[in-house]
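Enquirer: Each chain is listed here by its residues.
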Amino acid sequence: MERSDNADSLKTGKTFPDKCDEADKSILYGALVASLSDMGQGLVIIENRRFAYVNQAICAMTGYSEEELLGLETFVPLFHPEERQRVLERHIRRISGEQFDTCYETAFLHRDGLRRIDVEMSVAFLRSPNRHGVVVTVRDISERKQIEEQIRRKNEDLEQLKIGLEKMVRDRMSELEKANKQLIRLNQIKSDFISIVSHELRTPLTSIKSFAEIMLDDLGKHDQETQRRYLSIINSESDRLSRLISDILDLQKIDSGKIDWHDEMINVVEVVRRAVDTFSGAFVEKGLSLSFESAGDCMMTEAAPDRIFQVVANLLSNGLKFTEHGGVEVNIRLVEAPYEGSAEKFIRISVRDTGTGIPQEELSRIFERFYQIDQSQGRKHEGAGLGLSISKDIIDHYRGRITVESVPGSGSIFCVLLPEQEQPRKKLGEVLVELGMLTETELVSALEKQS
Amino acid sequence: MKKKVLVCDDEPHIAESVAYIVDSLGCECLTAVNGEEALQYARDELPEVLVLDVRMPKMDGYAVCAQLKSDVATAGIRIIMLTAFGQRRDEEASEAAGADEFMAKPFSPRRLRIRLGELLGVAERIR
Numbered sequence: 001m002e003r004s005d006n007a008d009s010l011k012t013g014k015t016f017p018d019k020c021d022e023a024d025k026s027i028l029y030g031a032l033v034a035s036l037s038d039m040g041q042g043l044v045i046i047e048n049r050r051f052a053y054v055n056q057a058i059c060a061m062t063g064y065s066e067e068e069l070l071g072l073e074t075f076v077p078l079f080h081p082e083e084r085q086r087v088l089e090r091h092i093r094r095i096s097g098e099q100f101d102t103c104y105e106t107a108f109l110h111r112d113g114l115r116r117i118d119v120e121m122s123v124a125f126l127r128s129p130n131r132h133g134v135v136v137t138v139r140d141i142s143e144r145k146q147i148e149e150q151i152r153r154k155n156e157d158l159e160q161l162k163i164g165l166e167k168m169v170r171d172r173m174s175e176l177e178k179a180n181k182q183l184i185r186l187n188q189i190k191s192d193f194i195s196i197v198s199h200e201l202r203t204p205l206t207s208i209k210s211f212a213e214i215m216l217d218d219l220g221k222h223d224q225e226t227q228r229r230y231l232s233i234i235n236s237e238s239d240r241l242s243r244l245i246s247d248i249l250d251l252q253k254i255d256s257g258k259i260d261w262h263d264e265m266i267n268v269v270e271v272v273r274r275a276v277d278t279f280s281g282a283f284v285e286k287g288l289s290l291s292f293e294s295a296g297d298c299m300m301t302e303a304a305p306d307r308i309f310q311v312v313a314n315l316l317s318n319g320l321k322f323t324e325h326g327g328v329e330v331n332i333r334l335v336e337a338p339y340e341g342s343a344e345k346f347i348r349i350s351v352r353d354t355g356t357g358i359p360q361e362e363l364s365r366i367f368e369r370f371y372q373i374d375q376s377q378g379r380k381h382e383g384a385g386l387g388l389s390i391s392k393d394i395i396d397h398y399r400g401r402i403t404v405e406s407v408p409g410s411g412s413i414f415c416v417l418l419p420e421q422e423q424p425r426k427k428l429g430e431v432l433v434e435l436g437m438l439t440e441t442e443l444v445s446a447l448e449k450q451s
Numbered sequence: 001m002k003k004k005v006l007v008c009d010d011e012p013h014i015a016e017s018v019a020y021i022v023d024s025l026g027c028e029c030l031t032a033v034n035g036e037e038a039l040q041y042a043r044d045e046l047p048e049v050l051v052l053d054v055r056m057p058k059m060d061g062y063a064v065c066a067q068l069k070s071d072v073a074t075a076g077i078r079i080i081m082l083t084a085f086g087q088r089r090d091e092e093a094s095e096a097a098g099a100d101e102f103m104a105k106p107f108s109p110r111r112l113r114i115r116l117g118e119l120l121g122v123a124e125r126i127r
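Which chain is which? The protein sequence lines are R and H, in order.
My numbering applies: residue 1 is where the first sequence begins, and numbers increase by one.
My numbering applies: residue 1 is where the second sequence begins, and numbers increase by one.
The set of hints was computed from the structure by calculation and includes no laboratory data.
Glycine included, every Cβ here is placed at the ideal spot set by N, Cα and C.
Hints are supplied without guarantee of correctness; some may be wrong.
Stated by the list, open to error - Derived coverage of chain R by chain H (criterion: at least 3 residues anywhere in the stretch with Cβ under 8 Å from a Cβ of chain H; other residues may be distant):
id	region
1	211–224
2	431–440
To be verified - Cross-link-like lysine-lysine pairs, in silico, DSS-like; alpha carbons within 27 Å at most:
id	chain 1	residue 1	chain 2	residue 2
3	R	190	H	58
4	H	4	R	209
5	R	181	R	253
6	R	221	H	4
7	H	2	H	58
8	H	69	H	4
9	H	58	R	321
10	R	286	R	321
11	R	190	R	178
12	H	3	R	221
13	H	58	H	69
14	R	167	R	154
15	R	167	R	145
16	R	209	R	221
17	R	258	R	181
18	R	221	H	2
19	R	162	R	178
20	R	190	R	253
This is chain H alone, in the form it adopts within the complex:
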């Protein structure tokens, strides 16, 4: 069975590029467009990794991350925070929320693929 990765970003093009990376690692990609939806899908689907945007309608990424990490059922989901607020304090906030990884936008898909691969335990296929 394919490993599941949940991608949550309200910017459709960014979500599409992350989904491309997930596909390229041979994983199943689920997408959510806001924080509430991400929380719901994460609980229902229990993906291996959640790639999470910070600034989103309804519920921001930090809140989603903190909720998932504080619940035993979902605490095992590895979370990569992606944010266009690329300052030191944003990295600190994502650390405080319990995220496993922080990447500033614009990010390098190549680097995201490597980090995702590591978190998934999938050896990146050498092209």
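For reference, chain R alone in the conformation it holds in the complex:
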């Protein structure tokens, strides 16, 4: 009965002390004080701006002894330096009568002067006729703060990660967009190319088809001279068509990287001389001069001789095509660092003609595919405008350069630069084999033994 009464009064917290007599109160007080000093939370009672009571927990929390705390003249050293200003302001506001939370967070400085102890304080006021003070409970929330701080840092890291990821996604998107644009552009180039190729293929085919059909339909109505003329048109247009097809295949091979270059050490002087010889007859036929001059007999580079021949032949064929009076001069010499940033020695092949020349505004475009100079007389010259484009691809492949200068009306000069490479010195073994002093098998086995 008594117990249940007590339990009831504990619940209400009102009547319990009143029901005790003085002796009970004294025992209860002792028990309360003992439990206060043992409780996990710090507890202090402040009277007249000094500690009147401190428990064990607050001592353990702050590192001060009970005597030290009770002897403190001011509480300032107890607070962490970062908190002191706020505590002071709070105090000033309180004595000026302002209302504020009785529960708040702040931080202590451990007696060692280093450790920060985050705490939550609850303040209760003691007001009786003869005693004035405050009871403060102090809970160490350092661990919670640390966890909060960790969470905050983790959140920050996550935020950074998110920002980084978003940036990555944006960068990737813009890369993809760029790649997509590039693909669309390439696709357009490809479809333009196909359209132009089909046009260029149909053109010679049209002449072939027309004259073949005309000859078939009007069989026997033409004299021999006319027949010869029509057949020779069919013949030359067929040649044009097959040249065009091999040019297109060349371009395709170069583009797809499938070309078999067959590179070897070649003497460029010889290759150019061979090309000049091939064309000499055609120049004589048109009443034009063709001269060849070289500053040396031997200038070596590593390249496919057929491809270099193709480039020179193309330049000579253009010179022949666009020159009516005068002729073409071919010149070879070695030059050092012919353009800014080039350190090597280059072989310079120049082909100068005294032809119609190329207007300034067209110079930059003549290496484009299917580009043909807009002839003032309107007649197109034979060819699809692929020769210079292929030549440029070939020379680019060999880390060379092809350039053009021109004065309309007086002629053009095309220059090809190819890096010069000295012939690698032959190894002694190879020389011995060449001289017949050693067989190939002997050389191989000797080299194997050596290694």
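Use these hints to put chain H onto chain R, whose structure you have.
Expert: For chain H alone, coordinates are given in the frame of chain R:
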């Protein structure tokens, strides 16, 4: 007086084959080698028919066709477009420019002779 046909193509061999067809129909053949020249000759000579290539230096065939068709003085010239761009959209472009006929290259001279004959009102001579 012989009827006049203007042939405009920058490919000399193609122009020659068209000229052969024109001759075979008993007409006078004039030739131009670019768009500007074709426009000039068409205005000066007022041919019955113009056989016009599309891709040419200076001015393309569509532009020549559109200009001639939009001018009352030359709108009566019948125009046959010849092009090596043999796609549907090229036929549409030539229709849009007001051409009377569209033929893709390579064309059949036999068919060209028939169409030319029809446009000229010349009955094709039976061989």
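Enquirer: Are the hints correct? Go through all of them and say.
Expert: Going through the hints against the structure:
1. 211–224: With 5 residues closer than 8 Å to chain H, the region 211–224 of chain R meets the three-residue bar; holds.
2. 431–440: Violated - the region 431–440 of chain R has 0 residues with a Cβ nearer than 8 Å to chain H, which falls short of three.
3. R:190 <-> H:58: holds, 25 Å
4. H:4 <-> R:209: It holds: about 25 Å lies between the C-alpha atoms, which stays within 27 Å.
5. R:181 <-> R:253: holds, 25 Å
6. R:221 <-> H:4: Judged against 27 Å, a Cα distance of about 24 Å means the pair holds.
7. H:2 <-> H:58: This hinted pair is violated, its Cα atoms lying about 30 Å apart.
8. H:69 <-> H:4: holds, 18 Å
9. H:58 <-> R:321: holds, 21 Å
10. R:286 <-> R:321: holds, 10 Å
11. R:190 <-> R:178: holds, 18 Å
12. H:3 <-> R:221: holds, 23 Å
13. H:58 <-> H:69: holds, 19 Å
14. R:167 <-> R:154: holds, 19 Å
15. R:167 <-> R:145: violated, 32 Å
16. R:209 <-> R:221: holds, 18 Å
17. R:258 <-> R:181: Satisfied, since the Cα-Cα distance of roughly 26 Å is no more than 27 Å.
18. R:221 <-> H:2: holds, 22 Å
19. R:162 <-> R:178: Holds, at about 24 Å.
20. R:190 <-> R:253: holds, 14 Å
In the structure shown, a violation is registered for the earlier hints numbered 2, 7, 15, in ascending order.
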